[in-house]
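Visitor: Work out the full structure, taking the sequences as your base and the hints as a guide.
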Amino acid sequence: MQTIYILDGVFMTKWKNWEIALLLALAVTLLWGAWSASRQEELARKMIRLHVIANSDSKEDQALKLQVRDKVLDFTTEVLDESRDMAEAEVRLNDALPEIRRLAAEEIGARGYDYGVSARLERTEFPYKEYDGFALPAGEYTAVRLVIGEGEGRNWWCVVFPPLCTTAATDLHRTAIAAGLGEGDISLITEENEGYALKFRSVELWQQFRQWLKK
Numbered sequence: 022m023q024t025i026y027i028l029d030g031v032f033m034t035k036w037k038n039w040e041i042a043l044l045l046a047l048a049v050t051l052l053w054g055a056w057s058a059s060r061q062e063e064l065a066r067k068m069i070r071l072h073v074i075a076n077s078d079s080k081e082d083q084a085l086k087l088q089v090r091d092k093v094l095d096f097t098t099e100v101l102d103e104s105r106d107m108a109e110a111e112v113r114l115n116d117a118l119p120e121i122r123r124l125a126a127e128e129i130g131a132r133g134y135d136y137g138v139s140a141r142l143e144r145t146e147f148p149y150k151e152y153d154g155f156a157l158p159a160g161e162y163t164a165v166r167l168v169i170g171e172g173e174g175r176n177w178w179c180v181v182f183p184p185l186c187t188t189a190a191t192d193l194h195r196t197a198i199a200a201g202l203g204e205g206d207i208s209l210i211t212e213e214n215e216g217y218a219l220k221f222r223s224v225e226l227w228q229q230f231r232q233w234l235k236k
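Positions 22 to 236 (our numbering) are the ones given, in order, by the sequence shown.
The reader is advised that the hints may include incorrect statements.
Claimed, not checked - Result set (PhoX-like, lysine-lysine): computed pairs, CA atoms no more than 25 Å apart in a straight line:
1. Lys92 / Lys80
2. Lys150 / Lys67
3. Lys150 / Lys80
4. Lys92 / Lys150
To be verified - Derived CB-CB ranges, DEER-like:
5. Glu109 / Gly133: 21 to 31 Å
6. Phe96 / Ala199: 13 to 23 Å
7. Gly205 / Gly137: 34 to 44 Å
8. Glu173 / Glu151: 20 to 30 Å
9. Glu63 / Gly130: 37 to 47 Å
10. Glu127 / Gly203: 34 to 44 Å
11. Glu161 / Leu118: 30 to 40 Å
12. Arg195 / Arg66: 16 to 26 Å
13. Ser139 / Asp192: 16 to 26 Å
14. Glu81 / Ser208: 40 to 50 Å
15. Asp102 / Glu151: 38 to 48 Å
16. Asn115 / Ala84: 22 to 32 Å
17. Pro148 / Asp106: 24 to 34 Å
If you're looking for bench data, these hints aren't it; they were derived computationally from the structure. Beta carbons are placed, not taken as given, at the ideal position from N, Cα and C, and that holds for glycine.
Guide: Below, the structure written as structure tokens:
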């Protein structure tokens with residue numbers, strides 16, 4: 022507790038060293054989190070993710086999720102192959118949603134299931150995730166969201182624009198540059214930047230803190 026003095030009827034507070042240090046650490050953390058969140062938002066404006074949610078966590082439904090993923094991922098890769106930027110990629114994917122849903126339903130039926138399936142292009146919240154050769158911070162991203170059946174099972178997600186899911190690690194830099202990511206973006210998400218995991222974890226903390234303040 023800080024020490025409180027009363028001088029001429031006015032309350033005066035004397036902070037202890039550890040309290041000052043704690044406040045400074047909190048201020049630095051908040052500033053770092055705000056900066057990291059801003060960088061996440063910049064990245065999100067240049068990426069589209071594919072998000073496939075299984076009917077349940079049963080072994081069969083999880084296997085079906087991956088089979089549907091493969092079918093849809095192949096198609097979306099073709100659709101986005103000639104997209105020059107994020108805006109064009111969004112238009113192409115939005116136009117392709119009926120076909121994406123049809124392909125998913127066709128695959129589900131071919132595997133002997135009668136689950137319904139929905140396909141939407143929307144903003145979706147994702148946690149921090151490490152992939153082969155790169156990582157992405159938690160936050161909202163535009164995503165093709167494919168929900169199978171009840172959509173209560175574990176989900177799968179990756180990046181379809183740029184096509185980082187299907188690109189070899191050795192070609193990641195070239196693929197990202199071609200889709201409009203800058204050198205700073207690439208350095209931030211790849212292992213070239215050894216501190217990316219710490220930076221991205223700070224985004225999660227910042228978002229959790231903001232949610233706590235709203236309560």
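Visitor: Could you run down the list of hints and mark each one as holding or not?
Guide: For each hint, the structure was consulted:
no., hint, result
1, Lys92 / Lys80, "holds (19 Å)"
2, Lys150 / Lys67, "holds (17 Å)"
3, Lys150 / Lys80, "holds (23 Å)"
4, Lys92 / Lys150, "holds (23 Å)"
5, Glu109 / Gly133: 21 to 31 Å, "violated (38 Å)"
6, Phe96 / Ala199: 13 to 23 Å, "holds (20 Å)"
7, Gly205 / Gly137: 34 to 44 Å, "holds (42 Å)"
8, Glu173 / Glu151: 20 to 30 Å, "holds (25 Å)"
9, Glu63 / Gly130: 37 to 47 Å, "holds (41 Å)"
10, Glu127 / Gly203: 34 to 44 Å, "holds (39 Å)"
11, Glu161 / Leu118: 30 to 40 Å, "violated (19 Å)"
12, Arg195 / Arg66: 16 to 26 Å, "holds (21 Å)"
13, Ser139 / Asp192: 16 to 26 Å, "violated (33 Å)"
14, Glu81 / Ser208: 40 to 50 Å, "holds (42 Å)"
15, Asp102 / Glu151: 38 to 48 Å, "violated (26 Å)"
16, Asn115 / Ala84: 22 to 32 Å, "holds (29 Å)"
17, Pro148 / Asp106: 24 to 34 Å, "holds (27 Å)"
Hint violations for this structure: numbers 5, 11, 13, 15, all remaining hints satisfied.
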